[in-house]
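Starting from the structure of chain A, add chain B where the hints point.
Letter by letter, the chains look like this.
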Amino acid sequence: MTGQDSPGRRTVVVGVGNEFRRDDGAGPAVIARLRALQPGDDSLSGVTLALSDGEPGRMIDLWEGARLAVLVDAVQDITMPPGHRYQLAVDALAGAADGVTSSHSISLGDTIELARVLGRLPARLAVLAVVGRDFGFGTELTAEVAAAVPELVEQVRQIVR
Amino acid sequence: MSHETDRTLTVRALARVEGEGAMHVRVRGGAVEDVRLEIYEPPRFFEALLRGRRHTEPPDITARICGICPVAYQMSACLAIEAACGIEVPDAVSDLRRLLYCGEWIESHALHIYLLHAPDFLGYASALDLAREGRGLVERGLALKKAGNAIMELVGGRAIHPVNVRVGGFYRAPVRTEMAPLAEKLHVALDLALDTVRWASGFEFPDFHHDHEMLALVTPGQYAIDRGTVASTGGLSFAPAQFEDYVIEEQVPHSTALHARLAGRGRYLTGPTARYTLSSQWLSPLARQAADAAGLGAECRNPFRSILVRAVEVVYAVEEALRLIERYEPPAPCYLEVPPRAAVGHGATEAPRGVLFHRYAIDADGLITSARIVPPTSQNQASIEDDLRRFVAARLDLDDQQLTWQCEQAIRNYDPCISCSAHFLDLTVDRG
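Chains as they are written, first to last, in numbering that gives the first Met the number 0: chain A, 0 to 160; chain B, 0 to 431.
In case anyone wonders, no lab produced these hints; they're calculated from the structure. Ideal Cβ positions, reconstructed from N, Cα and C, are used throughout, including at glycine. The reader is advised that the hints may include incorrect statements.
Here's a subset of chain A near chain B, in silico, CB distances under 10 Å, partners left out [claimed, not checked]:
no. : residue
1   : N17
2   : S51
3   : D52
4   : G53
5   : P55
6   : D60
7   : D109
8   : E112
9   : L113
10  : V116
11  : L117
12  : R119
13  : F136
One chain only, chain A, in its complex shape:
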């Protein structure tokens, strides 16, 4: 777990989402793939792989003190096709703080802004997002998002290398 790593040297990759809500499971699917690869992959050696349901307290605990945190999350975006990938800048996300808060869904933008106010951001934070199509009930990703998972995995490997 995170506490076993030296503060300031730790790298964490967090899959954000719910694997029972179809494309919202993209983040957890990427983590599952990374976990399978980790034993024989030098680029992932020592990297903490974690899941998050987006709850802010636990999310901040996961990345606090890390050298690098990479978040992988599915997003809704009607302007781009399903499966389209973004790498979001932290500053852009902080602007996305929307002030609309529920106990389960303080937005990622608000969570990042909260961490910034509390001085608990990692040294570097990268957010990889993939546009989802179906966030309904079910455990399978849509074909478009499933096809993006290997690309997201490779993107994570490149960032943490």
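Leaving out everything else, chain B in the frame of chain A:
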């Protein structure tokens, strides 16, 4: 405007509540004509998907109903299945379950107090705004919450949707040495919890009281969490197996969550203030002392003061966790086999938001033939609407913006968990 006698207040998506719901208030001729708490979050049909699953599966399946109170679902499910199968788990297993449940109470209450409810009393739109001006406060809340997290991780196997719970007990019992670091964290958390009660006791609470019948589990000699007899302030007392004889659920057009009422009696209220009112005499001395110092009497009928009750319950849960850890001996075995039999079982526990009832019918092969889940928020809908009706009627001089803000606060008093109940927030005040 405030001088109008006909108006409509609408909140299309209530903030700082869990899930999707709305509020609609219609005022005609200077009188409140209609109040509706609309839960529009789609139902998730958990009861239906449980049918045909094995009797060992409900703890894992129903934990997915809520990310904030999965333990409550697991515990009520276990009690119901075990009751159906005629199994009673050893005290050591019950104690470990109670410890896990304390972790969930601490996490859920700390989240609601600091990130959702306190901003209302301090005039902030969100926890983020609170953090900008009171960083230390939010830090304290998150630290307190983290102590609950630590219990969930150790006993539950992970913080979200714990995986260590099974029908009959636990897959693995922590060893004693694993409990020591947890106790250290909880000793620190106890001070944070006491500070939280003192801090919240300084808030200004609107002068508002309800007359709802309040319903909670009671376990004489102990503050009810993981089991109990169902009792009410109106003198009811019945076993969880009789829950459906006393509680009637019915569909209303404006909510995807069933409304509940007590048969022949009407609306009622469950949750922290009900628990406190029925069991405050069984709080620990320190929690009782904190409650007294905060000005809580023997009962609490002002829903705005529920934040104080939650804070006192956090003190209790931290202390209770420490007590359970101090005397902890790993249960051996850590679970009992629970062979199926054709029967019906009932279970009820005190989720952070109130009584959570489960009932399962199982066939001889161990397959579930029917399931029923009655979460706290759906039970409270009629009482929340009644509160709003009376609350708005006394504040019609406020302009729409102020009135809407106060109504949202009145709803947040109940920490409604819409996803659990949707089986629901968005406010409209219609003044014509």
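Worksheet item: Failing hints, ascending?
Response: none
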